[in-house]
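Q: One-letter residues, chain by chain:
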Amino acid sequence: MKHFQALAAAATLSCVMAAPLHAADAVKIGMITTLSGGGASLGVDIRDGFTLALKQKGGKLGGVTTELNIVDDARKVENAKQIATRMIKQDDVDVVTGIVWSNLAMAVVPSVTRAGKIYISPNAGPSALAGKNCNANYFNVAWQNDNLHEAMGQYVTDKGFKNVYLMAPNYPAGKDALAGFKRYFKGNVAAEVYTKLGQVDYAAEIANLRAAKPDAVFFFLPGGMGINFVKQYAQAGLTKDVPLFGPAFSFDEGILKAVGAAAVGTFNTSQYSHDLDNAANKAFASAFVAAYGRKPSLYASQGYDAAMLLDSAIAKVHGNVKNADAFRAALKAADFTSVRGAFKFGPNQHPVQDIYVREVVKDGAGVTNKLVGKVFANHGDAYAADCKM
Amino acid sequence: MTLVLFLEQTLNGLQQGVMLFLMAAGLTLVFGIMHLINLAHGSLYMVGAYVTATVTLASGNFAVGVLAGMAAAGVAGMVVELLALRRLYTRDHLDQVLATFGVILTFNELTKIIWGPQALFLSTPAWLSGTVEIIPGAPYPAYRLFIIVVGLLVGAVLRHLIINTRLGMLIRAGATHREMVGAMGVNIDRLFTIVFGVGAMLAGLAGAISGPMLATEVGMGEKILILTFVVIIIGGIGSVRGALVGAILVGVVDTYGRAFLPTIMRSFFEPSVADSVGASMSSMTIYVLMAMVLIWRPRGLFQAYGGT
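These protein sequence lines map, in sequence, to chains A and B. Read in our numbering, the first sequence has 227 at position 227, and its numbers run on one by one without any break. Read in our numbering, the second sequence has 603 at position 214, and its numbers run on one by one without any break.
Don't read these hints as lab results, they were simulated from the structure. In this text, all values refer to a predicted model and were calculated from it rather than measured experimentally. C-beta atoms are modelled at their ideal positions from N, C-alpha and C, and glycine is treated no differently. Be aware that a few hints might be false.
What the hints assert, rightly or not - Here's a subset of chain A near chain B, in silico, CB distances under 10 Å, partners left out:
no., residue
1, G198
2, E205
3, G223
4, A236
5, K257
6, A258
7, V259
8, G364
9, T368
10, K370
11, V372
Stated by the list, open to error - With a Cα cut of at most 30 Å, we get these calculated DSBU-like pairs of lysine-lysine:
no., chain 1, residue 1, chain 2, residue 2
12, A, K257, B, K612
13, A, K117, A, K316
14, A, K344, A, K332
15, A, K322, A, K282
16, A, K257, A, K175
17, A, K76, A, K186
18, A, K374, A, K362
19, A, K55, B, K612
20, A, K388, A, K117
21, A, K332, A, K81
22, A, K132, A, K332
23, A, K257, A, K240
24, A, K196, B, K501
25, A, K57, A, K332
26, A, K370, A, K162
27, A, K332, A, K362
28, A, K132, A, K388
29, B, K612, A, K175
30, B, K612, A, K196
31, A, K162, A, K182
32, B, K501, A, K55
33, A, K344, A, K374
34, A, K159, A, K362
35, A, K175, A, K196
36, A, K257, B, K501
37, B, K612, A, K76
38, A, K55, A, K257
39, A, K322, A, K344
40, A, K182, B, K501
In isolation and in its complexed conformation, chain A is listed as follows:
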């Protein structure tokens, strides 16, 4: 028995001693994302996009062995905070990434950046982190929250719609969405309706909407809410007479699979589409389909781009990510080929990129997004001017 204890102690000791040696030459990345509960499909897409890139690079981002630690936050603020604390204090990660939701990002990002770690946002881009409270350690590789709504405001105006009905859930991101839309929409707002967060039945709203006789509807209802609304809107026979417009969040590939033909003929704005015509995207989209058997959504592309951005920056500093200034400068250069095409960071380290409009069309057995045009070229965000870095 004594013998065994000694052996165990020796084994433990060697592990403890081996760990720091190993960590010195590896880059540690902590991914906090939503893999269970409602909205899990977004986190799964981000994770799958990121790990695909890591796999393609042979487990080495920027030529350096990469330890990726993925933890599920179940879309809960408390979980996300706890995981972040553990990653910063205990695991001593170099980079944190992965958060899907703005409210979780708001709770976690400031503590990560304060601790001197880099945060790469593959999704959420709340306005509060883009303006006055921007941070040198915070990079957003997806979009600022308002971007896709702004593009839709512009597109609906360009298409000559004069009287538009607006709908969003009654919570901060919902209000930001409608504000973003109105920033670029020049016509008349027929009504601005805020629904309960998580609402499942929209019969009352749809009846009111019909009675208001708008030319078009702009709505932001992410996840299950969007599935419910689009299905019920089609059942009410309105899709043909009053076209639906929204950001890509209500029309990602997962949602389209659940909504089916009811979504055909609707339009949505996105910085990415799986049929974007560039070499990087063609390679990514076919690799993603081969690996996971489904088309990549915008979330998957963002996860992939987050990994590719890190790959470029780590290579630039030759794996020396502890040199914070050099690493930040390398990230800011954004010297990678984004699958969405042209990409660079604005002064607040949020994307300056093209935004497209997609139409939902029938595609063999199912329905999918088809690129129909570009709304904005090199579009930044409305908060960059407030950012003093």
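Dock chain B against the given chain A, drawing on the hints supplied.
A: Chain B only, in chain A's frame:
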């Protein structure tokens, strides 16, 4: 506000009400008769929806899917009752809440393991798609009319079952005089399992017919569960009649609130303020309704079977 819109919103309220009734009928029986707080009732709703979507997709027949969904929810309910809930009847309500919450988590994760995290697709069956102009000038989705008919039919069948059949008599007797019924040689345990199965089947039916209209996704049951509890509290715990009246009341009040409060607010406030105040107030209406009913009738609108 026109009369047509008002009538249309009334129909919407009725439709939401009968959907809630299907959930509430089972929950109120279990709560009132077995004195069990079953938070996992929403999980059975989810099982019904998932099985229906899967079977409908495989068989191409919605009716077959609905029957399969109901059967699956009924079986799942009875299995849960036998394995877990049976041990809880004598425990206090907090233990029941804790245990049935655990059942929710188990069902949600199992569903995700079996079907994956993405929502399932179920289209409206061809014979129910399209609209019917039941109110001139307001084409109404045929599918919602179908739900209203199904809900009212179930109400009629349940009424018959409880008032006119032997099973109904045992259910009523079991609620008020449990020991006496046992002493008369009735197997109370089996009776409870059957009641639980019937409740589960109704929840499964609600889930099954929700598929073409709502997202079939993990966690869908919890969204409807809270409203269901409001319904049975308003209706009176244990009373199926109360569940029907309470459900329709909640459905109509909630719909009117969402439909008309923002418009009414607009005559008091600026449009931008009115929209958000109206939205916030409309999500409170049913709870205000519940509070008012409880002040007037602390035990709900209808008391079950002479009251216990």
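Q: The structure should be examined with respect to each hint, and the outcome stated for every one.
A: Hints, one by one, checked against the model:
no.	hint	verdict
1	G198	6 Å, holds
2	E205	7 Å, holds
3	G223	8 Å, holds
4	A236	5 Å, holds
5	K257	6 Å, holds
6	A258	4 Å, holds
7	V259	7 Å, holds
8	G364	15 Å, violated
9	T368	13 Å, violated
10	K370	19 Å, violated
11	V372	24 Å, violated
12	A/K257 with B/K612	22 Å, holds
13	A/K117 with A/K316	18 Å, holds
14	A/K344 with A/K332	8 Å, holds
15	A/K322 with A/K282	34 Å, violated
16	A/K257 with A/K175	27 Å, holds
17	A/K76 with A/K186	38 Å, violated
18	A/K374 with A/K362	21 Å, holds
19	A/K55 with B/K612	38 Å, violated
20	A/K388 with A/K117	19 Å, holds
21	A/K332 with A/K81	26 Å, holds
22	A/K132 with A/K332	18 Å, holds
23	A/K257 with A/K240	20 Å, holds
24	A/K196 with B/K501	25 Å, holds
25	A/K57 with A/K332	21 Å, holds
26	A/K370 with A/K162	25 Å, holds
27	A/K332 with A/K362	40 Å, violated
28	A/K132 with A/K388	7 Å, holds
29	B/K612 with A/K175	22 Å, holds
30	B/K612 with A/K196	11 Å, holds
31	A/K162 with A/K182	13 Å, holds
32	B/K501 with A/K55	25 Å, holds
33	A/K344 with A/K374	17 Å, holds
34	A/K159 with A/K362	22 Å, holds
35	A/K175 with A/K196	12 Å, holds
36	A/K257 with B/K501	16 Å, holds
37	B/K612 with A/K76	17 Å, holds
38	A/K55 with A/K257	27 Å, holds
39	A/K322 with A/K344	24 Å, holds
40	A/K182 with B/K501	38 Å, violated
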